[in-house]
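Participant: The listed protein sequences correspond, in order, to chains A and B. By my numbering, the letter at position 38 of the first sequence is numbered 650, and the numbering carries on one by one without gaps. By my numbering, the letter at position 81 of the second sequence is numbered 693, and the numbering carries on one by one without gaps.
Keep in mind that a hint or two might mislead.
Where chains are identical, the list cannot tell them apart; a pair therefore holds if satisfied intra-copy or between any two copies.
List of simulated lysine to aspartate or glutamate pairs, EDC-like, C-alpha gap at most 16 Å [stated by the list, open to error]:
#, residue 1, residue 2
1, Lys-785, Asp-728
2, Lys-784, Glu-957
3, Lys-784, Asp-632
4, Lys-619, Glu-850
5, Lys-619, Glu-649
6, Lys-948, Glu-989
7, Lys-619, Glu-855
Hint data in this document are derived by calculation from the structure and do not stem from the laboratory. All values derive from a computational prediction rather than experimental measurement.
Protein chains: 2
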Amino acid sequence: MKDNISKSIRSNFQVSYQYDVFFTKHLFSFDNLILKEFFHSQTEYQFNKKVLVVIDQGFLNHQPNLIESIHQYFASKIEAVQLVEEFIVLPGGEVSKNQIEDWEMVVSAINKYGIDRHSYIMVIGGGAILDMVGYAASVSHRGIRLIRIPTTVLSQNDSGVGVKNSINYYGKKNFLGTFAPPVAVFNDSSFLVSLEDRDWRSGMAEAIKVSLIKDKDFFNWIELNVSKLTKRELDAMEYLVFECARLHMDHIKNGDPFEFGSSRPLDFGHWFAHKLEYVSNFSIRHGEAVAIGMALDSIYSFLSGNLKEPELNRILKLLKGLGFTLNHPMLQLNGKTQLAIALQEFQEHLGGKLTLLMLDGIGIPKEIYTIDHSLLETAFEQLVRHN
Amino acid sequence: MKDNISKSIRSNFQVSYQYDVFFTKHLFSFDNLILKEFFHSQTEYQFNKKVLVVIDQGFLNHQPNLIESIHQYFASKIEAVQLVEEFIVLPGGEVSKNQIEDWEMVVSAINKYGIDRHSYIMVIGGGAILDMVGYAASVSHRGIRLIRIPTTVLSQNDSGVGVKNSINYYGKKNFLGTFAPPVAVFNDSSFLVSLEDRDWRSGMAEAIKVSLIKDKDFFNWIELNVSKLTKRELDAMEYLVFECARLHMDHIKNGDPFEFGSSRPLDFGHWFAHKLEYVSNFSIRHGEAVAIGMALDSIYSFLSGNLKEPELNRILKLLKGLGFTLNHPMLQLNGKTQLAIALQEFQEHLGGKLTLLMLDGIGIPKEIYTIDHSLLETAFEQLVRHN
Ligand SMILES: NC(=O)c1ccc[n+]([C@@H]2O[C@H](COP(=O)([O-])OP(=O)(O)OC[C@H]3O[C@@H](n4cnc5c(N)ncnc54)[C@H](O)[C@@H]3O)[C@@H](O)[C@H]2O)c1
Ligand SMILES: NC(=O)c1ccc[n+]([C@@H]2O[C@H](COP(=O)([O-])OP(=O)(O)OC[C@H]3O[C@@H](n4cnc5c(N)ncnc54)[C@H](O)[C@@H]3O)[C@@H](O)[C@H]2O)c1
Ligand SMILES: [Zn+2]
Ligand SMILES: [Zn+2]
Chain A
613 MKDNISKSIR SNFQVSYQYD VFFTKHLFSF DNLILKEFFH SQTEYQFNKK VLVVIDQGFL
673 NHQPNLIESI HQYFASKIEA VQLVEEFIVL PGGEVSKNQI EDWEMVVSAI NKYGIDRHSY
733 IMVIGGGAIL DMVGYAASVS HRGIRLIRIP TTVLSQNDSG VGVKNSINYY GKKNFLGTFA
793 PPVAVFNDSS FLVSLEDRDW RSGMAEAIKV SLIKDKDFFN WIELNVSKLT KRELDAMEYL
853 VFECARLHMD HIKNGDPFEF GSSRPLDFGH WFAHKLEYVS NFSIRHGEAV AIGMALDSIY
913 SFLSGNLKEP ELNRILKLLK GLGFTLNHPM LQLNGKTQLA IALQEFQEHL GGKLTLLMLD
973 GIGIPKEIYT IDHSLLETAF EQLVRHN
Chain B
613 MKDNISKSIR SNFQVSYQYD VFFTKHLFSF DNLILKEFFH SQTEYQFNKK VLVVIDQGFL
673 NHQPNLIESI HQYFASKIEA VQLVEEFIVL PGGEVSKNQI EDWEMVVSAI NKYGIDRHSY
733 IMVIGGGAIL DMVGYAASVS HRGIRLIRIP TTVLSQNDSG VGVKNSINYY GKKNFLGTFA
793 PPVAVFNDSS FLVSLEDRDW RSGMAEAIKV SLIKDKDFFN WIELNVSKLT KRELDAMEYL
853 VFECARLHMD HIKNGDPFEF GSSRPLDFGH WFAHKLEYVS NFSIRHGEAV AIGMALDSIY
913 SFLSGNLKEP ELNRILKLLK GLGFTLNHPM LQLNGKTQLA IALQEFQEHL GGKLTLLMLD
973 GIGIPKEIYT IDHSLLETAF EQLVRHN
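Make a model of the complete structure from these sequences and hints.
Facilitator: Next comes the structure, spelled out in structure tokens:
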């Protein structure tokens, strides 16, 4: 080769992913065949596949017979795979993403039990433990098959049906992680009955979000069903979870699943929410923060002449009707400073170029690229006067 | 939802990857514009992109001006990105994949310098450090852009142009890792001149492998150029690296890039090689082990009536001509036991069903699903009598 005369070879290829999200009830009861059918639909029978189960302690506390039922279900119904006798039980909630020891425990169980790329990890719990175990599975042997069984509203309608996994590191949320789709997700609505009210409510914020930017009919439906939802009627929640999951999955599929680009169109109401979660040291739940963030952005959308006042009022009324607090005490402290910082951090996060999602109407999103700071402060003042 | 009446939603989507592998000389010299052009071809100028550089100490030892040249090159030619002042220099070789501290150092630099998903990590070195840094990059912020600058024959013609990253964990080779393509690879042939003879030679094993299973013309070419290659003529090595990389990339692109299936058709000669590397505690280089593995599988292919004797002899002669030792002292110890164990482990690794690649001729691969153990022992006996 002559100096500086260069050649090149291009590599370009596509990788296909496919997985099903099942909506069911009493997943491990004897007459529910959905899990059995899933395993039997998986090909390559000759392989010695194993299943390692990881369970969220906070969920298990409400399900004294869970471990027993799973053992019985597998013993009586599933020949295609071999259940690892010992289950891994770990505390749920954000702590599982903060403690590297918990992640390490999953990786070490993968090693100990010889779980390979043809085997499965089945994780049962809230969004936090799903994220952590998903991350462990996706990097062990460069990727073990992951089955998610989400047990919170948020994880059934949003985080658990998507493609992201992560843990927190250096005190930074989701610092380490992967884009790695599961092989299947099983949403069992009966698992939701033991949730604390806050978690039941909090998960509904994502449904409102997705309805506001994608589906007015769904917004109308939520509005009509506020009282059923607050009274914790399971039928209503099942519909909400299904619709929200469907819209969310639709978005992933037709968008940029692994987020190579820079737009984040599903993140309506999230830029300020992230900041709120942080400054409250995560004492404000994700959905609670998102509710506040959506209220703020809706008010701004109205003030900037896009969203109409009656629609703004419907949005605020729905959020309050479901029990969300919009004028959180946190906002009274040094809210405006936090607001400015949040905006700047979000801009940096996007790599310098601001893109925010606002509303032109219910179900009609609008991207904006500059923000009127004084108008934003006005929106903030109106927000804290609420409730 | 009625009990046990289940619904489901299917998610299926494709993710597209594209990257170029450039073949050049004197990458950081002032009149070489290839790196400049790469950065300027990257879109999204408005973003504050950074480049964090990680260098293999073992390579840097031979390149006293490297750091200075890179600084000057970026300062004078590249406005689109901002070079992080401090370079990370780490020991090269397998140790970099064994010590979690080295991986941690890269991740912590990503944190410290605020390297985000729009920024780059540029790693310069052998296959080991490329694997380790690639793994750190691929999980930080769920994936930072990776530029690989491989400096060994093996990494320029095989490992560095592919899609795999990893570190060793629990003493197990590549236990943690990801499939994550780079955004670009720059192969600079002038970087190869300082290699130890063993590393120069060892990398050629992958070229022979790929010629044996994919391209007889390439095999013929290597045969004709044995003397140039052993005399370390750079022109000949450039051709070998280019052809090997091309065939390797072709295979990835048209195959199963992220290895979701179970066949591993590029792994000719590798099943026994992996065992040899292990039992020698990696004192046998990968390529050296692969040469032995290919010799064994070629002899077996002949004994089982597939490969013709003259072709077998050409293969063995080529391997020896390039300086590979086929009757390594390691084989004398308890070779046959290791052979049996290796075969069993490989079968387990595949999930129970054995698939081995053998040869029907030079350039003509043949998959087999059972092996004749006594014939394999005979092949082994013939192997250890060689040289
Ligand atoms: N991966 C993604 O795309 C994505 C998206 C949004 C949020 N998230 C993550 O999800 C996490 C939040 O998840 P979450 O809202 O599901 O909460 P969580 O996982 O933090 O769980 C909250 C609490 O509920 C308990 N719990 C779980 N299921 C229960 C049940 N059925 N009954 C009673 N208690 C139960 C848990 O033990 C925990 O104490 C955050 O870490 C967030 O970053 C991830
Ligand atoms: N990712 C993949 O697909 C893949 C495929 C095959 C092998 N690998 C991995 O590659 C690694 C082996 O890589 P390798 O063979 O490149 O060796 P290496 O990275 O282990 O380097 C060998 C030695 O050469 C030194 N060195 C590097 N460049 C030099 C130069 N130009 N001049 C002088 N010394 C130099 C290094 O410091 C090191 O001491 C293994 O860890 C193996 O697992 C990865
Ligand atoms: Zn959210
Ligand atoms: Zn190899």
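Participant: Each hint should be assessed against the structure and marked as holding or not.
Facilitator: So, going through the hints one by one against the coordinates:
{"no.": "1", "hint": "Lys-785 / Asp-728", "in the structure": "between (29 Å within a copy, 14 Å between copies)"}
{"no.": "2", "hint": "Lys-784 / Glu-957", "in the structure": "within (13 Å within a copy, 40 Å between copies)"}
{"no.": "3", "hint": "Lys-784 / Asp-632", "in the structure": "neither (31 Å within a copy, 33 Å between copies)"}
{"no.": "4", "hint": "Lys-619 / Glu-850", "in the structure": "between (57 Å within a copy, 11 Å between copies)"}
{"no.": "5", "hint": "Lys-619 / Glu-649", "in the structure": "between (51 Å within a copy, 13 Å between copies)"}
{"no.": "6", "hint": "Lys-948 / Glu-989", "in the structure": "within (7 Å within a copy, 77 Å between copies)"}
{"no.": "7", "hint": "Lys-619 / Glu-855", "in the structure": "between (51 Å within a copy, 12 Å between copies)"}
In this structure, only the earlier hint numbered 3 is contradicted, and the remaining ones agree with it.
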